[in-house]
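Chemist: Given next are the chains, with one letter for each unit.
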Amino acid sequence: MTPGTAGRGRLFVPLALLALTAACDPGSRVSGGAPVELSITEAVAGSAEANLSPDGLFQLAPPLNAAHPQLTPERAVELANADLRVFGPNLLPYLERTHGAPIALDHLTPSPRVYYAVSPWQPLPATADLAVRQARGPFFLVTYVGPDGKPVLSSAVPAYATSVRFRRDGTYDPQSILSGFYVVGISREWNASLPISPEDAVVAAASATGLRVREVPELVLPGVGYKPQWSRWRVRLERPASLRRATGSQDEVRTDELFVGPRGDLYVAAARQPQAAVAPVRQGETIRLIRRTAAPVEFEKVIPASK
Amino acid sequence: MKISRIVSWSVLLLLTGACIDSDGMGSHLCDPVYWDPSDWSRYNLELVHREPRFCPVGISGPGEQVYLAASILDYQNPDFVTSTVRVVAAGWSNLEVGGDLQYFDYDPYGTWVVQHRLYYYAATQQDVSGDPHGDEIRYALGPVAGPDQPTAEVLVQYYWTQ
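Protein sequences, first through last, are from chains L and S.
The numbers in this note's numbering rise by one with no breaks, and the one at position 184 of the first sequence is 182.
The numbers in this note's numbering rise by one with no breaks, and the one at position 71 of the second sequence is 104.
Read the hints as simulated data drawn from the structure, not as lab findings.
Keep in mind that the hints are not guaranteed to be accurate.
Claimed, not checked - Chain L stretches covered by chain S per the calculated footprint, using a threshold of three residues with CB under 8 Å from any CB of chain S:
| hint | stretch |
| --- | --- |
| 1 | 83 to 97 |
| 2 | 173 to 183 |
| 3 | 212 to 225 |
None of these values were measured; they are calculated from a predicted model.
Yeah, the Cβ is synthetic: ideal placement off N, Cα and C, and Gly gets one too.
So here's chain L without its partners, still in its complex pose (with noise of 0.2 Å):
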């Protein structure tokens, strides 16, 4: 495996048990409720599929025209460095504690494959805070491998961290601003990039509906109260699947819009989205967040109509 494909192809045991669900649906491509995993070609229709380079990975659409100046992928792979080179240490614990296993700092690479994550709050104005710009906005999220290709960190740099500065000593510029820096272990069960790729994202959304996926899919960051890590890929399905809420009704719901999290869950749109949230900035001073229109902050769980 390489660092960049890292679990790619052979999805942890909940896309295994979704496979196994799919079977049921209308129209599925899962035959025989055996536990059958679709290729990535086999998930694949429309703009997906004309995106899907010889090696089986989609060629990602570049970061959007945002309101303020941004990293590129490869400059926030640099601070992502920085990061853990400067912070790594202190860190530590946290670290291991989320990875659940020692890390040797000095011998993790990061993955060829940096992903961006779109905010789903409108622009703040350049005048606002700089640390909450950077906090709300969008995110670079980069995934650490360790000498065996398996995923060891996840780390996420704000888009709009320009500030960040080095001297030529290799010191932080003292006008860099860190707010939104934000590193995590990943699990060593779970055997995956954090986020997913994109890949495994459509493999998991086709599998658990019986149906192909039509867009190259697209990174969105969770609402306020999460960090960048729990973004979630918003796949579209070539037309509505059937699909029951996990908790609470329990009843069906038809979409052709997923969303599939950290470990291949699938999500849809909550129903009631707020309009705006409200995120402190020093005391007694805040700033209004406006939701885009059409990016969701709150989801809901769903499997298949047929488990």
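Could you slot chain S onto chain L? The hints should help.
Modeler: Just chain S now, kept in the frame of chain L:
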């Protein structure tokens, strides 16, 4: 929903140098309050932190940047929204030499956590002469009890909403 008030308590850490090395900056003994888990857990918080010198704030010497990072976990009742850290030079200058604003959020494992990163320059006195770039003032830390005992106050404040 808006910020109603700052929580009535905060963690005030006074870090006092004790060990002495050639540049007089030394490593630090740590205030026990920082390391006694009960002092954090009584607020349903846990500090997950380590520094090479086993101290919350290490002042390694003039011309070097000091780094501090920590993960702070809020258990049981995830009520805090933001966390700010201010590092204030004690003694001569009383200047804020570093700060950080972060948001509490759930990590992928369902823990309500904030992660801080701090960097700052420090010296035993206001000093620009040793700056290799000529554009940096290293703020004085201390002394309070003597020139070999630089100090810094690390003030961690949490905000919540009602």
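Chemist: Run every hint past the structure and note whether it holds.
Modeler: Checked hints:
1. As drawn, the stretch 83 to 97 of chain L meets chain S at 10 residues by the rule of a beta-carbon pair under 8 Å; at three or more, the given contact holds.
2. Coverage of the stretch 173 to 183 of chain L by chain S holds in this model, with 8 residues showing a Cβ closer than 8 Å to a Cβ of that chain against a need of three.
3. Coverage of a stretch by a chain is defined here by at least three residues with a beta carbon nearer than 8 Å to that chain's beta carbons; for the stretch 212 to 225 of chain L and chain S the count is 4, and the condition holds.
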